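Peer 1: Turn these sequences into a full structure, and let the hints guide you.
From first to last, the protein sequence lines are chains A and B.
Per the working numbering: the first sequence = residues 1 to 60.
Per the working numbering: the second sequence = residues 61 to 201.
Think of the hints as simulated: they come from the structure by calculation, not from any bench.
Quick caveat: nothing in here was measured; it's all calculated off a predicted structure.
Careful: at least some of the hints might be erroneous.
Under 8 Å between C-beta atoms, here's a sample of chain A residues computed to sit facing chain B [unchecked claim]:
#	residue
1	W9
2	L10
3	A19
4	L48
5	L49
What follows is a set of in silico ranges between Cβ atoms, one per label pair, in the way DEER data are often shown [as the list claims (entries may be wrong)]:
#	chain 1	residue 1	chain 2	residue 2	range
6	B	R110	A	R32	50 to 58 Å
7	A	A11	B	L184	43 to 51 Å
8	B	P72	A	S25	33 to 41 Å
9	A	A11	B	E145	14 to 22 Å
10	A	A11	B	E99	38 to 46 Å
11	A	A11	B	R167	14 to 22 Å
12	B	V182	A	I41	28 to 36 Å
Glycine is no exception: its CB is placed at the ideal position from the N, C-alpha and C atoms.
One-letter residues, chain by chain:
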Amino acid sequence: MEDDTKAEWLALGERLLAAGPDKFSEMLRGLRDVVEAQETIQRFDWQLLHRGRPRKRYEA
Amino acid sequence: MEKRREISAVKPNAAPKSDVDRVLKRLEMLGVSGEDALEGAGYSRPTWFRFKKYETSIGTVRAVEEWALKEEAKRKRPSTPTSTEQQALMAEWLALGEQLLASDPARFHSTLDGLRDVLESVKLQQRAFSKMFRATPDGDR
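Peer 2: Pasting the structure below:
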């Protein structure tokens with residue numbers, strides 16, 4: 001992550017946490033779900049790739 | 061023989077024993093001293109001695125009970141994270157951000173945009189509430 005992006009990401013997180021721990025926890029849970037879903041998609045793609053199927057067909 | 065008028069020991073606004081007991085029980089559950097509770101409710105600390113001897117008024121009992129209820133509500137509220145917890149939360153926040161950026165940069169940037177909007181709306185909401193619930197609406201003109 002670039003320094004500017006990292007600084008903004010952290011600043012937004014801190015402001016969100018200051019605005020309300022509940023709101024922040026909710027956002028953190030959502031992020032965990034998104035990251036987990038991305039990992040699942042990538043694993044699925046990797047499995048398809050290794051079966052020799054054309055990857056392009058499964059991309060959005 | 062001089063007849064003396066019998067003065068009733070019970071004052072008309074004296075608090076019933078059961079009410080005092082209920083408040084005492086509540087304070088015990090909260091783990092606060094009676095002096096602290098009375099001070100919190102706006103009474104002087106020595107009032108406690110009369111309170112515990114059941115020589116108190118309905119108004120005092122009611123005020124202490126209201127204070128105890130507020131204290132109970134405060135304790136039920138989620139506490140603000142300590143600085144160590146805050147650091148741990150921010151570390152997870154950064155790690156998740158980095159993971160998201162690595163796996164899906166477009167989604168990361170749209171999340172960043174969304175976050176800016178969320179914080180802007182929080183600011184607007186706070187400003188709106190302060191306008192609506194200001195004690196003197198024309199006070200700062």
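Peer 1: Work down the list of hints and note, for each, if the structure agrees.
Peer 2: Results for each hint:
1. Taken as an interface hint, W9/A checks out: its beta carbon lies about 5 Å from the nearest beta carbon of chain B, inside 8 Å.
2. A hinted interface residue such as L10/A counts as satisfied when its beta carbon comes closer than 8 Å to some beta carbon of chain B; here the least separation is about 6 Å, so the hint holds.
3. Hint on A19/A holds. Least Cβ distance to chain B is approximately 5 Å, under the 8 Å limit.
4. At about 17 Å, the closest approach between the beta carbon of L48/A and any beta carbon in chain B exceeds 8 Å, and the interface hint on this residue is violated.
5. Proximity of L49/A to chain B is violated relative to the hint, the smallest CB-CB distance being about 16 Å (cut-off 8 Å).
6. Against the hinted window of 50 to 58 Å, the Cβ-Cβ separation of R110/B and R32/A comes to about 56 Å, which satisfies the hint.
7. Checking the proposed 43 to 51 Å range against A11/A and L184/B shows it is violated: the Cβ atoms sit about 19 Å from each other.
8. Between P72/B and S25/A, the C-beta spacing of about 53 Å breaks the proposed range 33 to 41 Å.
9. Between A11/A and E145/B the beta carbon distance is about 19 Å. The supplied range of 14 to 22 Å therefore holds.
10. For A11/A and E99/B, the hinted distance range of 38 to 46 Å is satisfied, since their beta carbons lie about 41 Å from each other.
11. Separated by about 20 Å at the C-beta atoms, A11/A and R167/B satisfy the suggested range of 14 to 22 Å.
12. Taking the beta carbon of each, V182/B and I41/A are about 31 Å apart, inside 28 to 36 Å as hinted.
Of the hints listed earlier, those the structure fails to meet are numbers 4, 5, 7, 8, in rising order.
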